[in-house]
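Chemist: So the sequences go chain by chain: C and G. If you number the first sequence the way the working numbering does, the last residue is 361 and the count never jumps. If you number the second sequence the way the working numbering does, the last residue is 707 and the count never jumps.
Simulated from the structure, these hints should not be mistaken for laboratory data. From the three backbone atoms N, C-alpha and C, an ideal C-beta is built for every residue, glycine too. Mixed in with the good hints there might be a few duds.
Listed next, the stretches of chain C that the computed footprint assigns to chain G, with coverage defined by at least 3 CB atoms under 8 Å from CB atoms of chain G [what the hints assert, rightly or not]:
1) 3-13
2) 31-42
3) 82-95
4) 253-263
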Amino acid sequence: MLTKLYEWLRIVNPKPTDEMVEKRKAAITDIISHILAQKDFSLLIALVGAAVHGNHALSQESPLFTVALEAIKKYQPAFPEALSENMLEVRTCCAVAVSELVNRNEAKSHKHRMLASSLVISSHPSYVTLKQRYLLQMLQELHNSAHSMLETTAMVRRRRTSVSLDPKLEGITDVQSLAVTLVPALKKALDDLQRQSSLEREEIEVLWWMFARSSKTLQSPLNELDAFDAALCCGIELANLSLLPPISSYRNMVSRALSEAHSDHAFKAVSLSKLTAKWDDKLFSLLIPSTPDAQDHVRNYPQLFPLSWLCHRFESSKSRSGWEEELKNKTSTLGTLSMPLNDWAIQVYNERIAQRCLLGN
Amino acid sequence: MSVTVCNKADCTVAETGTCLELYKSIIECPFYKGDAGKQDTFVHDTIEANEGSSQTVGRNLSRTFHSGYELGTQDAAEIMRANYTHFIGILGLYNAGKTCLISSLYSLAAKGELLPKYLFAGSLTLQGFENRLRLLRRWRRPSLPEQLVEHTRLLDPRSPALMHLALKEVSSGRDINLLVTDLPGEWSKELIEREETATRFEFLKRADGIFLVIDGPSLEGRHRHSHIQCSRILLERLADNVCIEKSVPLVLLVSKCDLLGMKQPEGIRAIEARANELGFNPTVMMTAAFSGKPAAVKNGTGILESIEKVINLTPPFSKLQCKTNIRTNMQRSFHNFPELSRGSEN
Numbered sequence: 001m002l003t004k005l006y007e008w009l010r011i012v013n014p015k016p017t018d019e020m021v022e023k024r025k026a027a028i029t030d031i032i033s034h035i036l037a038q039k040d041f042s043l044l045i046a047l048v049g050a051a052v053h054g055n056h057a058l059s060q061e062s063p064l065f066t067v068a069l070e071a072i073k074k075y076q077p078a079f080p081e082a083l084s085e086n087m088l089e090v091r092t093c094c095a096v097a098v099s100e101l102v103n104r105n106e107a108k109s110h111k112h113r114m115l116a117s118s119l120v121i122s123s124h125p126s127y128v129t130l131k132q133r134y135l136l137q138m139l140q141e142l143h144n145s146a147h148s149m150l151e152t153t154a155m156v157r158r159r160r161t162s163v164s165l166d167p168k169l170e171g172i173t174d175v176q177s178l179a180v181t182l183v184p185a186l187k188k189a190l191d192d193l194q195r196q197s198s199l200e201r202e203e204i205e206v207l208w209w210m211f212a213r214s215s216k217t218l219q220s221p222l223n224e225l226d227a228f229d230a231a232l233c234c235g236i237e238l239a240n241l242s243l244l245p246p247i248s249s250y251r252n253m254v255s256r257a258l259s260e261a262h263s264d265h266a267f268k269a270v271s272l273s274k275l276t277a278k279w280d281d282k283l284f285s286l287l288i289p290s291t292p293d294a295q296d297h298v299r300n301y302p303q304l305f306p307l308s309w310l311c312h313r314f315e316s317s318k319s320r321s322g323w324e325e326e327l328k329n330k331t332s333t334l335g336t337l338s339m340p341l342n343d344w345a346i347q348v349y350n351e352r353i354a355q356r357c358l359l360g361n
Numbered sequence: 362m363s364v365t366v367c368n369k370a371d372c373t374v375a376e377t378g379t380c381l382e383l384y385k386s387i388i389e390c391p392f393y394k395g396d397a398g399k400q401d402t403f404v405h406d407t408i409e410a411n412e413g414s415s416q417t418v419g420r421n422l423s424r425t426f427h428s429g430y431e432l433g434t435q436d437a438a439e440i441m442r443a444n445y446t447h448f449i450g451i452l453g454l455y456n457a458g459k460t461c462l463i464s465s466l467y468s469l470a471a472k473g474e475l476l477p478k479y480l481f482a483g484s485l486t487l488q489g490f491e492n493r494l495r496l497l498r499r500w501r502r503p504s505l506p507e508q509l510v511e512h513t514r515l516l517d518p519r520s521p522a523l524m525h526l527a528l529k530e531v532s533s534g535r536d537i538n539l540l541v542t543d544l545p546g547e548w549s550k551e552l553i554e555r556e557e558t559a560t561r562f563e564f565l566k567r568a569d570g571i572f573l574v575i576d577g578p579s580l581e582g583r584h585r586h587s588h589i590q591c592s593r594i595l596l597e598r599l600a601d602n603v604c605i606e607k608s609v610p611l612v613l614l615v616s617k618c619d620l621l622g623m624k625q626p627e628g629i630r631a632i633e634a635r636a637n638e639l640g641f642n643p644t645v646m647m648t649a650a651f652s653g654k655p656a657a658v659k660n661g662t663g664i665l666e667s668i669e670k671v672i673n674l675t676p677p678f679s680k681l682q683c684k685t686n687i688r689t690n691m692q693r694s695f696h697n698f699p700e701l702s703r704g705s706e707n
């Protein structure tokens, strides 16, 4: 958020001046306004990509870089134009913009906030092993803000209120006035009931899924599936059952479901190569979003959707070879990443949630 | 923009603004050709000299390059804005060996002795490093002189001097930019004596690592208690006045260890203990930037390992703390599904 601007600007300047902080604040405000004015989320996705992964998501020709550069130069004309000379500072400004978006409490930016938060969380493997102290600190704070935002919004959505029907009927003598007063009150009460009902349904369906210990997709008990397939199924199926935004408990449920089915494997570290080598071909399509636009975003931003990117690549190329080099070129950190299987299942879940936020369902 | 062109061969007025024919005003020179009207990098400012005559001064507006001696914080910002730079703050008293440390690092890089792990990938302060090593290269006597490098004097006494070194990690291809401070011992001395000078060290809040260089032999000499106390106070200043984050890697570099036979002096333990009390997690490194007995103790011992403490550290990505202030009508277990711990796997 803008309050952290001074601390985060220290990544690129050991002694930022008040003037510099003010100029960047103004520039970032402009960038945010530009993004909120767009009809689609392309620029927002690019913004999160740039914040999370810098040079692999930014290019000299990219629209986001053009917008960011224009905004910065508006207040500081003497700012280098070449990405090779200003990449980290542009990245830092993007991160501040994302953080500000995530923390804004405005109805008009609600969808942007949700999408930005879910993208920051789904891109977690891209930055968890950074050896750059202050950059990691910044991304960690961003990550925590995103989680906090989603959790708060999720709890608000799931707040239980009593349904009351209390129309003001005093002094009403004719049917028409009665209808005018009663209908909105009835509608509100029915909407409340509908909302409560969807919350109940969510809980029941998730609990039944946990109780069944079975994959709906593969129609098989989880403990009879391969551990890696089970990880994929747990992540996707629970993400599909959740109302948006999801509560943080879901991640624990993913972990619990996988651990109960495959206790030997759940906590063992698995490399990305090993994880994906074991996946059944039939499962790739589960993690590929349904619309071409969303698929384009997945293809262009492996930093934000690493596993989805892989599934898309396997599906479209019908081949599992050569991806390590390509992923290393696009992300530089992910190729050799190793995490416990539980964490990979949660990563699948996070990406599916981000996809649903992108698709608006 | 206008440009001055001179017909006289070898006239450097275009670069220096000074006419070889010694005309005070260039326009009066018979060789002056006048404004070429070309797009060029020269702009002429006319200033009034004290006697009323005007003097034209040329100011080159083409890309300015760093002087190559040292960088200030604003110069450093130009490097830092492009790529992540590991910033190492080096403090220590006069003659502790701070400049020798930096010079030794440069020497190792220049001689390819950082291989097989790292390749030298450039420096914006090559001339500065070379200048610091001048004394060392002039020495002809069989044993090391008392003073190997010149004591640091800042070009701007109010601003820290920074030395730049770029490395490339061979195994991963990772580019590593290092900026290390080369501060005179007087700065540390003043920080010890007067806590108000702590504001001068604000830039250290950006440090990826802090090296406190302590003269090894002094920890065993007659005045060891005074040196130990000074180091402790310096640590307290860093913690309480400069407010360095406690999680920043702190390396207690014991210098000139070749004179100690690489044996850790007792006195360092008290300093280490104080650092621990203050909340730091210090590492003690025995170093010998330039060894008097290279057969027994190699030049540059401990230097690279100290740098690696900073550049190879992956700070732990701490678990998310997601506590909300939203009060629900009732605490639903569904919303508080517990996290699985490793012990539950059995």
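Chemist: Hint by hint, note whether the structure agrees.
Modeler: So, going through the hints one by one against the coordinates:
1. 3-13: Satisfied; 4 residues make the cut.
2. 31-42: violated (count 0)
3. 82-95: With 6 residues in contact (Cβ-Cβ under 8 Å with chain G), the coverage given for the region 82-95 of chain C holds.
4. 253-263: Our answer is that it holds, as 5 residues pass the Cβ test (under 8 Å) against chain G, meeting three.
Comparing the model with each numbered hint stated earlier shows that hint 2 is the single one that does not hold.
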